[in-house]
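At position 137 of the sequence shown the residue is numbered 137 (this note's numbering), and the sequence of numbers has no breaks.
Just so you know, the hints here were simulated from the structure itself, not pulled from any lab data.
You may find that some hints are simply not true.
Capping the alpha-carbon separation at 30 angstroms, the derived lysine-lysine pairs in BS3-like fashion look like this [to be verified]: (1) Lys150 - Lys88; (2) Lys142 - Lys88; (3) Lys142 - Lys60; (4) Lys60 - Lys88.
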Amino acid sequence: EPKQFYSRLAGKVAIITGAGAVRDAEHVGTGAAMAVWFAREGAKISIVDLNTERGERTAKRIRDAGGEAIVVEANITSGESCRNAVAKTVETYGSVNILVNNVGANSASAGWVGGGKIDSLPENVWNEIIELNLTSAFLMSKAALPEMVKSGSSSIINIGSLSGLQAIGST
1 EPKQFYSRLA
11 GKVAIITGAG
21 AVRDAEHVGT
31 GAAMAVWFAR
41 EGAKISIVDL
51 NTERGERTAK
61 RIRDAGGEAI
71 VVEANITSGE
81 SCRNAVAKTV
91 ETYGSVNILV
101 NNVGANSASA
111 GWVGGGKIDS
121 LPENVWNEII
131 ELNLTSAFLM
141 SKAALPEMVK
151 SGSSSIINIG
161 SLSGLQAIGS
171 T
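Using the sequences and the accompanying hints, generate a full structural model.
The following block contains the structure:
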């Protein structure tokens, strides 16, 4: 694996939510892959994840390649938790330039198996899916935006799923 690419993100600080999904050296989630890639481009990475153990696996991979990364535990469906994650990032790195909203879920990952049929989807599962897929991106963006405006050069990247384009297994 290359240790560094072109330094296009040198001096930038990126918060990436859900960047802890690492199964092994060959199988990582989208957030973990982006965190490693951004670090190789020179960014300092704040891995925001509900599971710090998983976040540390991504951080170790970044550090082993010579990059900088911290892990911030946060429940990004809570505005206070989002504000704390941004504050910890700014405390450590001084700014925020990039926010990647990468957390998402479907009814199966929310613990409900029912084929996605709306007539049998419990309201609490619907609410959890909306919180994870939409509200979390809103709350993280709202928390990070003041710091990103201060930095003068910033980007918010929202990751979606192909599942949002097509109904699968429903009637």
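Any hints this thing doesn't respect? Which numbers, in order?
none
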